[in-house]
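*Asks:* Sequence:
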Amino acid sequence: MEFALALVILALVFLVWALTPVRQGYAYTIERFGRYTHTAQPGLNFIMPIFDRVGRKVNMMEQVLDIPGQEIITKDNAMVAVDGVVFFQVLDAAKAAYEVSDLYLSIMNLTTTNLRTVMGSMDLDETLSKRDEINTRLLHVVDDATTPWGVKITRVEIKDIRPPADISNAMARQMKAEREKRAAILEAEGLRASEILRAEGEKQGQILQAEGRREAAFRDAEAREREAEAEAKATQMVSDAIASGNAQAINYFVAQKYVEAVSQFATSPNSKTILFPVEATQLIGTLGGIGELARDAIERKGA
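Here the sequence shown is numbered in the UniProt record's numbering, starting from 1 and rising by one per residue.
Accuracy of the hints is not assured; some may be wrong.
[Unchecked claim] Here are the simulated BS3-like cross-link-like pairs (lysine-lysine), alpha carbons at most 27 angstroms apart as the crow flies:
hint	residue 1	residue 2
1	K130	K176
2	K57	K152
3	K181	K203
4	K75	K130
5	K152	K203
6	K159	K181
7	K152	K95
8	K75	K159
9	K130	K181
10	K75	K152
11	K130	K95
Since the hints were made in silico from the structure, they are not lab data.
Just need the whole structure built from these sequences, with the hints factored in.
*Replies:* The following block contains the structure:
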(Lines of atoms letter the chains of each structure in order from A; the text may use other names.)
(Lines give C-alpha, C1' and ligand atoms only; values in the text may rest on other atoms or scores of the structure.)
Protein backbone atom coordinates (compact mmCIF):
# COMPACT_ATOMS: atom_id res chain seq x y z
CA MET A 1 0.00 0.00 0.00
CA GLU A 2 2.75 2.40 0.86
CA PHE A 3 4.64 1.41 -2.26
CA ALA A 4 1.62 2.15 -4.45
CA LEU A 5 1.16 5.52 -2.78
CA ALA A 6 4.78 6.32 -3.41
CA LEU A 7 4.40 5.40 -7.07
CA VAL A 8 1.38 7.68 -7.36
CA ILE A 9 3.24 10.56 -5.75
CA LEU A 10 6.22 9.93 -8.01
CA ALA A 11 3.99 9.90 -11.05
CA LEU A 12 2.40 13.20 -10.04
CA VAL A 13 5.80 14.79 -9.51
CA PHE A 14 6.96 13.48 -12.90
CA LEU A 15 3.84 14.86 -14.58
CA VAL A 16 4.23 18.30 -12.99
CA TRP A 17 7.86 18.30 -13.97
CA ALA A 18 7.05 17.30 -17.55
CA LEU A 19 4.32 19.95 -18.09
CA THR A 20 5.86 23.32 -18.97
CA PRO A 21 3.58 26.37 -19.44
CA VAL A 22 4.64 28.98 -21.98
CA ARG A 23 3.36 32.54 -21.66
CA GLN A 24 1.60 34.30 -24.54
CA GLY A 25 4.01 36.33 -26.65
CA TYR A 26 6.95 34.04 -25.92
CA ALA A 27 8.43 30.86 -27.39
CA TYR A 28 10.71 28.43 -25.56
CA THR A 29 13.39 26.38 -27.25
CA ILE A 30 13.57 22.78 -26.00
CA GLU A 31 16.96 21.10 -25.80
CA ARG A 32 17.70 17.38 -25.30
CA PHE A 33 21.11 16.81 -23.84
CA GLY A 34 22.03 20.33 -24.95
CA ARG A 35 20.80 19.93 -28.54
CA TYR A 36 17.83 21.86 -29.89
CA THR A 37 14.89 19.65 -30.71
CA HIS A 38 11.78 21.86 -31.09
CA THR A 39 10.10 25.08 -30.03
CA ALA A 40 7.39 25.17 -27.39
CA GLN A 41 4.52 27.52 -28.32
CA PRO A 42 2.35 29.49 -25.83
CA GLY A 43 0.27 27.21 -23.65
CA LEU A 44 0.92 23.98 -21.75
CA ASN A 45 3.68 21.84 -23.29
CA PHE A 46 4.96 18.36 -22.34
CA ILE A 47 8.68 17.72 -22.20
CA MET A 48 10.60 14.70 -21.07
CA PRO A 49 12.11 15.39 -17.63
CA ILE A 50 15.80 14.70 -17.14
CA PHE A 51 16.29 14.34 -20.90
CA ASP A 52 14.75 17.67 -22.09
CA ARG A 53 15.04 21.16 -20.71
CA VAL A 54 14.09 24.72 -21.70
CA GLY A 55 16.98 26.31 -23.59
CA ARG A 56 16.03 29.97 -24.38
CA LYS A 57 12.94 32.02 -23.64
CA VAL A 58 12.50 34.19 -26.71
CA ASN A 59 10.25 37.25 -26.80
CA MET A 60 8.12 37.03 -29.99
CA MET A 61 6.45 40.42 -29.59
CA GLU A 62 7.52 43.53 -31.50
CA GLN A 63 10.27 45.25 -29.57
CA VAL A 64 12.03 48.61 -29.68
CA LEU A 65 15.75 49.12 -29.33
CA ASP A 66 17.29 52.53 -28.66
CA ILE A 67 20.28 53.48 -30.78
CA PRO A 68 22.60 55.58 -28.56
CA GLY A 69 23.68 59.02 -29.78
CA GLN A 70 26.82 59.11 -31.88
CA GLU A 71 28.73 61.61 -33.99
CA ILE A 72 28.80 61.12 -37.74
CA ILE A 73 30.87 62.94 -40.35
CA THR A 74 28.81 63.77 -43.44
CA LYS A 75 29.99 63.86 -47.03
CA ASP A 76 30.82 67.58 -46.81
CA ASN A 77 32.83 67.04 -43.58
CA ALA A 78 30.19 68.32 -41.16
CA MET A 79 29.97 66.67 -37.74
CA VAL A 80 26.44 65.83 -36.60
CA ALA A 81 25.12 63.98 -33.56
CA VAL A 82 22.45 61.37 -34.33
CA ASP A 83 20.32 58.97 -32.33
CA GLY A 84 17.42 56.74 -33.27
CA VAL A 85 15.28 53.68 -32.55
CA VAL A 86 14.80 50.31 -34.20
CA PHE A 87 11.57 48.29 -34.11
CA PHE A 88 11.93 44.56 -34.70
CA GLN A 89 10.12 41.28 -34.17
CA VAL A 90 11.45 37.74 -33.83
CA LEU A 91 9.80 35.40 -36.35
CA ASP A 92 11.92 32.28 -35.76
CA ALA A 93 12.79 31.62 -32.10
CA ALA A 94 15.35 28.91 -32.89
CA LYS A 95 17.33 31.14 -35.27
CA ALA A 96 17.20 34.09 -32.88
CA ALA A 97 18.48 31.86 -30.08
CA TYR A 98 21.19 29.90 -31.87
CA GLU A 99 22.23 31.84 -35.01
CA VAL A 100 23.51 34.90 -33.13
CA SER A 101 25.20 35.18 -29.75
CA ASP A 102 23.60 38.40 -28.45
CA LEU A 103 20.60 39.45 -30.54
CA TYR A 104 20.07 42.92 -29.05
CA LEU A 105 23.72 43.91 -29.15
CA SER A 106 24.07 42.60 -32.68
CA ILE A 107 21.08 44.59 -33.96
CA MET A 108 22.37 47.74 -32.22
CA ASN A 109 25.87 47.45 -33.68
CA LEU A 110 24.54 46.60 -37.12
CA THR A 111 22.20 49.60 -37.14
CA THR A 112 24.90 51.96 -35.83
CA THR A 113 27.38 50.87 -38.49
CA ASN A 114 24.93 51.22 -41.35
CA LEU A 115 23.69 54.55 -39.99
CA ARG A 116 27.21 55.93 -40.30
CA THR A 117 27.51 54.49 -43.80
CA VAL A 118 24.21 55.94 -45.05
CA MET A 119 24.56 59.39 -43.51
CA GLY A 120 28.26 59.58 -44.34
CA SER A 121 27.39 59.38 -48.04
CA MET A 122 25.08 62.42 -47.85
CA ASP A 123 25.61 66.16 -47.49
CA LEU A 124 24.54 67.99 -44.36
CA ASP A 125 21.52 69.53 -46.06
CA GLU A 126 20.44 66.12 -47.31
CA THR A 127 20.72 64.55 -43.86
CA LEU A 128 18.51 67.29 -42.41
CA SER A 129 15.89 67.24 -45.17
CA LYS A 130 15.78 63.56 -46.18
CA ARG A 131 15.03 61.68 -42.99
CA ASP A 132 12.51 59.46 -44.72
CA GLU A 133 15.10 58.41 -47.27
CA ILE A 134 17.63 57.64 -44.48
CA ASN A 135 15.04 55.59 -42.59
CA THR A 136 14.10 53.63 -45.71
CA ARG A 137 17.69 52.84 -46.65
CA LEU A 138 18.53 51.76 -43.12
CA LEU A 139 15.43 49.59 -42.97
CA HIS A 140 16.33 47.65 -46.11
CA VAL A 141 19.99 47.19 -45.17
CA VAL A 142 19.41 46.11 -41.56
CA ASP A 143 16.45 43.91 -42.43
CA ASP A 144 18.45 42.01 -45.06
CA ALA A 145 21.29 41.51 -42.59
CA THR A 146 19.04 40.20 -39.79
CA THR A 147 16.98 37.81 -41.93
CA PRO A 148 19.32 34.83 -41.17
CA TRP A 149 18.70 35.48 -37.46
CA GLY A 150 14.94 34.98 -37.82
CA VAL A 151 14.29 38.66 -37.11
CA LYS A 152 12.10 41.10 -39.05
CA ILE A 153 13.04 44.81 -38.85
CA THR A 154 9.73 46.65 -39.03
CA ARG A 155 10.87 50.26 -38.71
CA VAL A 156 13.97 52.37 -38.29
CA GLU A 157 13.46 55.96 -37.13
CA ILE A 158 15.98 58.77 -36.70
CA LYS A 159 14.93 60.60 -33.55
CA ASP A 160 17.21 63.61 -33.66
CA ILE A 161 19.96 65.13 -35.80
CA ARG A 162 21.98 67.82 -34.04
CA PRO A 163 24.49 69.81 -36.11
CA PRO A 164 27.23 71.86 -34.37
CA ALA A 165 26.37 75.24 -32.88
CA ASP A 166 28.21 77.29 -35.51
CA ILE A 167 26.43 75.42 -38.32
CA SER A 168 23.09 75.89 -36.55
CA ASN A 169 23.73 79.64 -36.31
CA ALA A 170 24.71 79.79 -39.98
CA MET A 171 21.55 77.90 -40.92
CA ALA A 172 19.45 80.28 -38.82
CA ARG A 173 20.98 83.28 -40.59
CA GLN A 174 20.44 81.63 -43.94
CA MET A 175 16.79 80.94 -43.11
CA LYS A 176 16.33 84.54 -41.97
CA ALA A 177 17.89 85.87 -45.18
CA GLU A 178 15.69 83.57 -47.24
CA ARG A 179 12.55 84.74 -45.46
CA GLU A 180 13.54 88.39 -45.88
CA LYS A 181 14.13 87.70 -49.56
CA ARG A 182 10.68 86.16 -49.89
CA ALA A 183 9.14 89.11 -48.06
CA ALA A 184 10.89 91.57 -50.39
CA ILE A 185 9.72 89.60 -53.43
CA LEU A 186 6.14 89.53 -52.17
CA GLU A 187 6.23 93.25 -51.43
CA ALA A 188 7.60 94.00 -54.92
CA GLU A 189 4.93 91.81 -56.48
CA GLY A 190 2.29 93.63 -54.46
CA LEU A 191 3.56 97.04 -55.62
CA ARG A 192 3.69 95.76 -59.20
CA ALA A 193 0.13 94.49 -59.00
CA SER A 194 -0.98 97.80 -57.49
CA GLU A 195 0.68 99.79 -60.28
CA ILE A 196 -0.87 97.52 -62.89
CA LEU A 197 -4.33 97.96 -61.37
CA ARG A 198 -3.84 101.73 -61.18
CA ALA A 199 -2.71 101.87 -64.81
CA GLU A 200 -5.65 99.70 -65.84
CA GLY A 201 -7.99 102.05 -63.99
CA GLU A 202 -6.52 105.13 -65.67
CA LYS A 203 -6.69 103.41 -69.04
CA GLN A 204 -10.31 102.47 -68.48
CA GLY A 205 -11.07 106.04 -67.39
CA GLN A 206 -9.45 107.45 -70.52
CA ILE A 207 -11.39 104.99 -72.65
CA LEU A 208 -14.65 106.04 -71.02
CA GLN A 209 -13.78 109.72 -71.46
CA ALA A 210 -12.94 109.13 -75.13
CA GLU A 211 -16.22 107.28 -75.60
CA GLY A 212 -18.02 110.16 -73.91
CA ARG A 213 -16.32 112.70 -76.18
CA ARG A 214 -17.12 110.58 -79.20
CA GLU A 215 -20.76 110.34 -78.17
CA ALA A 216 -20.89 114.11 -77.55
CA ALA A 217 -19.27 114.78 -80.92
CA PHE A 218 -21.77 112.46 -82.57
CA ARG A 219 -24.64 114.29 -80.89
CA ASP A 220 -23.21 117.69 -81.89
CA ALA A 221 -22.73 116.53 -85.46
CA GLU A 222 -26.29 115.21 -85.54
CA ALA A 223 -27.60 118.53 -84.17
CA ARG A 224 -25.59 120.50 -86.75
CA GLU A 225 -26.85 118.22 -89.47
CA ARG A 226 -30.45 118.79 -88.47
CA GLU A 227 -29.82 122.52 -88.18
CA ALA A 228 -28.26 122.53 -91.64
CA GLU A 229 -31.24 120.61 -92.99
CA ALA A 230 -33.63 123.13 -91.43
CA GLU A 231 -31.61 126.05 -92.82
CA ALA A 232 -31.49 124.37 -96.20
CA LYS A 233 -35.26 123.98 -96.19
CA ALA A 234 -35.69 127.62 -95.17
CA THR A 235 -33.29 128.74 -97.88
CA GLN A 236 -35.15 126.63 -100.42
CA MET A 237 -38.45 128.20 -99.40
CA VAL A 238 -36.99 131.70 -99.72
CA SER A 239 -35.42 130.83 -103.05
CA ASP A 240 -38.76 129.55 -104.32
CA ALA A 241 -40.41 132.75 -103.15
CA ILE A 242 -37.83 134.91 -104.97
CA ALA A 243 -38.21 132.84 -108.08
CA SER A 244 -41.98 133.40 -107.98
CA GLY A 245 -41.42 137.17 -107.86
CA ASN A 246 -41.98 137.82 -104.17
CA ALA A 247 -39.80 140.76 -103.15
CA GLN A 248 -40.20 140.11 -99.44
CA ALA A 249 -37.84 137.16 -99.72
CA ILE A 250 -35.00 139.53 -100.44
CA ASN A 251 -35.79 141.33 -97.21
CA TYR A 252 -35.40 137.99 -95.38
CA PHE A 253 -31.84 137.56 -96.63
CA VAL A 254 -31.02 141.17 -95.82
CA ALA A 255 -32.38 140.81 -92.29
CA GLN A 256 -30.50 137.55 -91.78
CA LYS A 257 -27.16 139.04 -92.85
CA TYR A 258 -27.91 142.12 -90.77
CA VAL A 259 -28.41 140.06 -87.62
CA GLU A 260 -25.23 138.03 -88.29
CA ALA A 261 -23.17 141.18 -88.73
CA VAL A 262 -24.52 142.64 -85.51
CA SER A 263 -23.68 139.43 -83.59
CA GLN A 264 -20.11 139.51 -84.93
CA PHE A 265 -19.70 143.09 -83.76
CA ALA A 266 -21.00 142.13 -80.34
CA THR A 267 -18.56 139.20 -79.92
CA SER A 268 -15.50 141.06 -81.19
CA PRO A 269 -12.80 141.26 -78.41
CA ASN A 270 -11.64 144.71 -79.60
CA SER A 271 -15.04 146.38 -79.50
CA LYS A 272 -16.29 147.95 -76.30
CA THR A 273 -18.91 150.36 -77.77
CA ILE A 274 -20.98 149.76 -80.90
CA LEU A 275 -22.93 152.51 -82.74
CA PHE A 276 -25.66 151.39 -85.15
CA PRO A 277 -26.74 154.08 -87.64
CA VAL A 278 -29.82 152.03 -88.34
CA GLU A 279 -33.44 153.08 -88.16
CA ALA A 280 -35.75 150.88 -86.23
CA THR A 281 -38.44 151.10 -88.92
CA GLN A 282 -36.10 149.38 -91.39
CA LEU A 283 -35.66 146.37 -89.09
CA ILE A 284 -39.42 146.30 -88.37
CA GLY A 285 -40.16 146.45 -92.07
CA THR A 286 -37.73 143.66 -92.72
CA LEU A 287 -39.33 141.52 -90.05
CA GLY A 288 -42.71 142.29 -91.46
CA GLY A 289 -41.49 141.14 -94.83
CA ILE A 290 -40.36 137.90 -93.30
CA GLY A 291 -43.83 137.36 -91.80
CA GLU A 292 -45.56 138.05 -95.13
CA LEU A 293 -43.13 135.65 -96.82
CA ALA A 294 -44.02 132.91 -94.35
CA ARG A 295 -47.78 133.51 -94.83
CA ASP A 296 -47.42 133.33 -98.60
CA ALA A 297 -45.53 130.06 -98.33
CA ILE A 298 -48.19 128.56 -96.05
CA GLU A 299 -51.03 129.68 -98.34
CA ARG A 300 -49.34 128.15 -101.40
CA LYS A 301 -48.79 124.91 -99.54
CA GLY A 302 -52.43 124.81 -98.52
CA ALA A 303 -53.62 125.50 -102.07
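*Asks:* Taking the hints in turn, state whether each one holds.
*Replies:* Taking the hints in turn, this is what the structure says about them:
1. K130 / K176: Satisfied, since the Cα-Cα distance of roughly 21 angstroms is no more than 27 angstroms.
2. K57 / K152: holds (18 angstroms)
3. K181 / K203: violated (33 angstroms)
4. K75 / K130: With Cα atoms ~14 angstroms apart, K75 and K130 stay inside 27 angstroms; holds.
5. K152 / K203: Violated. K152 to K203 sits at ~72 angstroms, over the 27 angstroms cutoff.
6. K159 / K181: With Cα atoms ~31 angstroms apart, K159 and K181 exceed 27 angstroms; violated.
7. K152 / K95: holds (12 angstroms)
8. K75 / K159: holds (20 angstroms)
9. K130 / K181: holds (24 angstroms)
10. K75 / K152: Violated. K75 to K152 sits at ~30 angstroms, over the 27 angstroms cutoff.
11. K130 / K95: It is violated: about 34 angstroms lies between the C-alpha atoms, which goes past 27 angstroms.
In terms of the numbered hints stated before, the structure departs from hints 3, 5, 6, 10 and 11, listed from lowest to highest.
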